[in-house]
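Colleague: Those sequence lines, one after another, are chains A and B. Okay, so the first sequence: first residue is 1 according to the working numbering, each after it adds one. Okay, so the second sequence: first residue is 1 according to the working numbering, each after it adds one.
Note that these hints are calculated values from the structure, not bench results. Each hint should be verified, as a subset may be incorrect.
Dumping the calculated SDA-like pairs for lysine to any residue here, alpha-carbon to alpha-carbon at most 25 Å [what the hints assert, rightly or not]:
| no. | chain 1 | residue 1 | chain 2 | residue 2 |
| --- | --- | --- | --- | --- |
| 1 | B | K313 | A | A636 |
| 2 | B | K164 | A | Y814 |
| 3 | B | K303 | A | S376 |
| 4 | A | K824 | A | A863 |
Please read all numbers here as calculations on a predicted model, not as lab measurements.
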Amino acid sequence: MKKTEPLQALRRQGFTKVLLLMKLTIVLILVATLQVSAKVDAQNMISLNLKNSGLKAALQQIEKKSSYRFLYNDEVISSNQKVDINVSNVPVTEVLDKILAVTELSYRLLNNNLVVITKKNAVVNDTRVTGKVTNSTGEAIPAVSVKIKGSAAGTSTASDGTYSLSVPDGATLVFSSVGYEDIEVAVNGRTSIDVVMTSSVRLIDQVVVVGYGTQRKRDLTGSIASVKGAEIAKQPVQTATQAIQGKVAGVQIISSGEPNSLPTVRVRGVGTMLGGANPLYVVDGVFTDDIRNINSNDIVTLDVLKDASSTAIYGMRAANGVIIITTKKGRTGKTVFNYDANIGIREATNLVNMAGERQYAGYLNEASIYYGSGDSLVTSSMMKGYNTDWYEAILQRGFQQNHNLSMSGGSEKITYFLGANYLTDEGIQVNNRFKRFTVRSNNEYRLTNKLKLITLLSYSNSQAQGALFDAFNNAYRAAPTVLPKAGNKYGNTSAAGNVGNPLLSIDKRDNLVKGNRLQGSFALEFKPISALTLRSAMNIDLDYTKSRTYEYRFLSDTNTFVAAGGNQQRGNSKLSLDKNDATRWIWDNTATYSKVFGRHNLTLLGGMTAEEYNYNGVASSALDVPANEDQWYLNAGSAGSQIVSNTGDKYTRVSYLGRLNYAFNNRYLLTASIRRDGTSKFGSNSRWDNFPSVGLGWNISQESFMTNQKIFSNLKLRASWGLVGNENIPSSLFRSLATINLPYYFDGTRYLGIRFENINDANLRWEKTEELDFGLDFTTLGGRLTGEIDYYSKKSKDALIFVQVDRVFGDDQYVTNAASYQNKGVELGLTWTDRIGKDWTYSIGGNISYNKNKVINLNGGQALFEGSVNGNFITKSDNGQPIGSFYLLQFDGIFQNTAEIAASAQTTARPGDIRYRDISGPAGTPDGIINDFDRAYSGSYIPKFTYGVNGNVGYKNFDLSFGGYGTSGSKIYNGKKATRGTDFRDNIETDVANGRWTPNNPSNRIPRANTAILPASTYFLENGNFFRLNNLTVGYTFGKNRIMSMAKFSSLRMYVTAQNLFTITPYSGYTPEITSSGPLNAGIESNTYPTTRTFAFGVNLAF
Amino acid sequence: MKRKIIYLALVAASFTALAGCKKSFLDVAPQGDLTEEQALADPNAANQLVAGVYNRLYLQGTVGLRYLILTDMASDNTDKGSTPSDGGFQGGEIDNFTFTPNNENFNLIWGDHYKGIVAANKALSILDQATFDETTRKRLIGEARFLRGYFYFNLVRFFGGVPKLTRVPNATELNNPEFKTRATKDEIYTVIKEDLQYGVDNLPLKGEGGTQVGRANKGAAQAMLAKVYLYLKDYQKAYDLSLAVMNSGKYDLAGNYANVFREVGVNNIESIFEVQTGPNRTATGGCDGINPNYSNWQGPRAKGAWTNTVDGKQYDGDLGFGLNSPSADLAAAYGAGDVRRAGSIIFIDPVNPVTLWDGFIIPNQSLVENPRYNYKSYHSPFKETAACNGYLDKDNKPKNIRIMRFAEVLLINAEAATHTGGDALTPLTRVRTRAGVGAIAATEANIWNERRLELALEGDRFLDLVRQGRAGTVLRAHGKPFVDGKHELFPIPQQQRDLSGGLLTQNPFY
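Just chain A, with the same shape it has in the complex (with noise of 0.2 Å):
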């Protein structure tokens, strides 16, 4: 790996010299002990004509024709031994036997071609060395590859972090783990070594996934980011993308209080409307949109798939780019147990602050009686000094737990990892918790030598009780002058002109959601000769869900309620089951050839892949059924209620790629790849498309120029260019079907009718992506610092998109593909990594980013009206904006008197009322009439930079992490506090009425008292920039001691862990991130989970 400088080091201190030229193979993650035959084959059949040459010199011919690789002491060759040798076509024992014949020396085949040159007589053992690997805290580090200098042979360490290796004499070791520097160490007789190793800065020798296939992080010419499976598992969060938060540069993760919330992921910005926004997850090969049946403790590395040459190889599903997970493996040795768990407690965090009843009273009254009907809304008589705190009665603190037992090892033929996860989550909503209970189970078998079968199989089962989420809504607007329950009796707030109480509607809905998912690979890897890999993979994913819900019956009653009246009841109680079947296989077929030719490295692959998705969802309900849970079945319900709907959905693909990689003396880098696609998704004439892509590598560092420079020991530039597509689409879109089952009654019965009345575009095609990437790598200051600065240009073309028509078509629009936009960005990466003195350790690493979107062209189409707040759209997408952008009346402060109003295009308003600006009219020009024409653009969700934070710092046997991530430029539509007014006794916010509108407070920010709902302006738009400390965690690992001994625990670390300790944002909802249906509704604030934080204490153990 790595040439010059480790062996001129050695060189001069006079211990083996090793020749290296490694053969670059797929490296697969984990991978047990390399076991290749070490018989001849043809391969090192080699011909040798050399007259007078040096033995050193003919040594390395052979070197360089065979796969042999030489091992001896500088001392033991001298110069001035010559060779003279002509031979065609001969094994090269025998070319070693005639050179060898005329010195003083001997040699001895190891495995995997390792040739030990030795004097004569020399004894030359095999000595067995075993040791363990630990970390600077004196963690053990599993998976450590350990190896001979020089030659393939080697092992890696088990879950205690400990080896055994038998080694010839002068062999030197070398140790090497993802994230760890590499250590070399001569073995020198010894039969026992320790080894600790430091966290690498070199994060150049990380092994990345680049989909089908692995590759160093050195030879990459992309941008790919890699996140570790223990850095994942370390958070106290349930889904894998939510931990990755600030740690990787360029992607966006929003994610919700939610327990089993998936959060949403950009990678890039955003480059579609229509399409479908997410990445495509890769888990073990299986593609998946929802990621949230795997244990986080079962992931290995997480590699995100940033550029479009990286992420070509998916073509037509890679255009918001690719997120791939790869799980753990068992490794030969003794079997290891491992249990890690950890138990916590959450609860909600930046509610709103609501009046009390007193402020309320007096609010409102303003309001009725200044600006309104002038009747008081509170009355003394309503108010009774309840003072509600409705986020008390509808919100809890959740216990939540984690526990996960696996038990990994194997033998030569088999190895394996069994797994075992329950993890419980209550949510911060009564009656909202989760549970899952995973099992994976991943096995390799050797088969022959060339041979192997390797089985990945995960099982999840979930069940959970959602959250209501209007419920946080109508908490906000509940008044504070009823009492949410009194006795078994409930608060009747929809009498008083209020929203319906919120605990009863928690109450009165009853919802089990039960998941069961399979998901797996079956791989079957063939190796006719060493550089070449053919697999074959079945990679399946079973999801079978069912829901059910129970809407129990009550009216506005004094059964129900305290005092009867309002609007808040149900007449019919209701059952609903769901059961959607899902299924999706997935065939991979690849051939990949790698070899070394000199110093030219290649690697090829090629391959093709099939893919079949079905789905089957039935729903059904039916009324009246009993509220005893025991009946709660579909014919309980009165006779003619029920009803079933069944629907379906199937599509295919077939895919072709390719891919070479070639490097060039390590310093010229190239990776071309090309996949084509074809999908049931569109039309047989536009069904099929390719996705071509090249990157471009070079390192500086290697060039002979850069070898006297101690500035930097790695710098590396990059340059790529790519086209990926998106067809995230509903499956018909491009065929014109039939909208079924539209009642109309005949003879007084219902009869179904059909019709065909959707505009359809029959070459509907892909919407494409075309990434520009240029990137530069750097390890500098003796490697403490190492960085990453990527610039990227994204353009996505025949975008989806609405385009309206004449609805003299009988239909007002239609999808096609008419749309651009640009994603254009900057990520820069640092990690700066030292130790101080013998116990201190620490490294800190940020990332920031800067994406700017905007929508360049919508060919044809119009602006497209989305995101809906009191039933009028918020958002415009149009040219020269970013996509989903807020599009608003300008809050233009507040009228103080009745001057500025006759001056205003507002004449019928009152001092206090809002002011907004006349921006244009009908003619282009300020109107004096305030409407849609002054309607502006006003900022977007889509944040113009993220950024994280995170550091290690360790002390002895103390640890201690952080990680943060905070966005800026977002602006958030405050949609909970502009629904508020819908009902005209609605409470209000703290903060708005201690600041509002009067004559003796002259506000310029919020308005008079109001009871109706305000129009949607900038007044509600706000600033949605947040800073988080996402994770703080404090651990501790106890030292090899006697109780340790006697427990047979071979490592034991303690920790409390904070998640969200705290959250900077001046936006005053309940969290700066907001999940969206989509990215036209993007960063609305309406029924959102309020953030939660979580304190949990946890153990490692090892035994």
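Here the structure of chain A is known, so what remains is to put chain B in place on it, guided by the hints.
Modeller: Just chain B, lined up with the frame of chain A:
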């Protein structure tokens, strides 16, 4: 080397094998959905397609509240209603004649009618190719053409000449100027006359030839065509057609006027064509099928708490939005003893609660928003079929809406007779007798007034006034700024003009 070649050949062979079957593998039929090719092959599909056209009568813009906004709210019959701050789906602008071409009702009504027309065209295109028995095929064509004629009749009365689509354009014709340009009023009337005449010629009489209740039949086509000829002032044709209906022996006036609009009066002897409803649940469990909100939007609106218990069913709360409130002018127009006044209007009392026919008690005016409500749109939560989500569900009530009643046929006949010299008095008197009022002279003015009272709140008044050429006189007297020469037609919706790239011309003075 040899082995390598073998392996590569094997790999290549397996790829080729897959490539060979790629076509069929990627040709996936839509799951659970019907394609046009499949529909053509299915004789039942034509029947279903026609039912799909009827289903377009469930749109707000074809017969629901939006239609009433342009026909009653625009007239002297009703006011916007609801609370002062409620814009009433921009109906307030229509009520006050302050609307612009951007008023949402125009775009909605325009679009919903074309949805009906396109559905009819599609059904007809498939019926044209269908091969099943000729009688059924002609009947289905007649029904689809009846509905298309009805939709065009509404459009031409609201907007004048509109784009003419009587076939299914293919997808490449979305920019064809033919469909963006207005046909003349006469051309549209020609389509209407031909469509309805086809119905007159080919549809069976009520109850004959396997007709079902709710389908357009010969009587419906004759009555509707008679009305069309009234608008075209072709009184002889109007007279003959209305007389044919009267002489068919299939229709008569029902005894009780108020009951005509209740569930007991559904499809009664007086009914010629009405929108059919039922328990309102769609096959997917939703409730969005039937004229959602027709009753709810016009239902009496509370200002304070209401409680009701009838037949042990408790109902606490009001009945709806209170829109389209009958005007004081309409209430005053009924003569003494006219049962239609109480049958059409719910009057709220300043002091006493009022009890509706089913026992529902509406409190006095202090707890109610408006003084009058449309009784014809009332659907009892207690005594009539419960809405989709139970009797407390206001949105999805199974309320049939009457489009053509025998009483109107009598009035068409009477009015035509005043021009043709036929007997106008008998049909007029029949209508008045049922209303509990005595005979009056069969003058055109009296018949016009009778139409107002008999058809009040049924979506006729404004169009009738315009037809009679006295909309300006009547509405200005009612305090509305009606401009002669302009307001006889509503403006072409601005959105559609924009989409047409300016090809769609605007009506005068808008």
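Colleague: None of the hints should be skipped; say for each whether it holds.
Modeller: Evaluated hints:
For the hint pairing B/K313 with A/A636, the CA-to-CA distance comes to about 21 Å; that is within 25 Å, so the pair holds. Taking the CA atoms of B/K164 and A/Y814, the gap is near 21 Å; set against the 25 Å cutoff, the hint holds. At roughly 15 Å between alpha-carbon atoms, B/K303 and A/S376 fall within 25 Å of each other, so this suggested pair holds. In summary, the hint linking A/K824 to A/A863 is supported, as the alpha carbons are separated by about 22 Å, within the 25 Å threshold.
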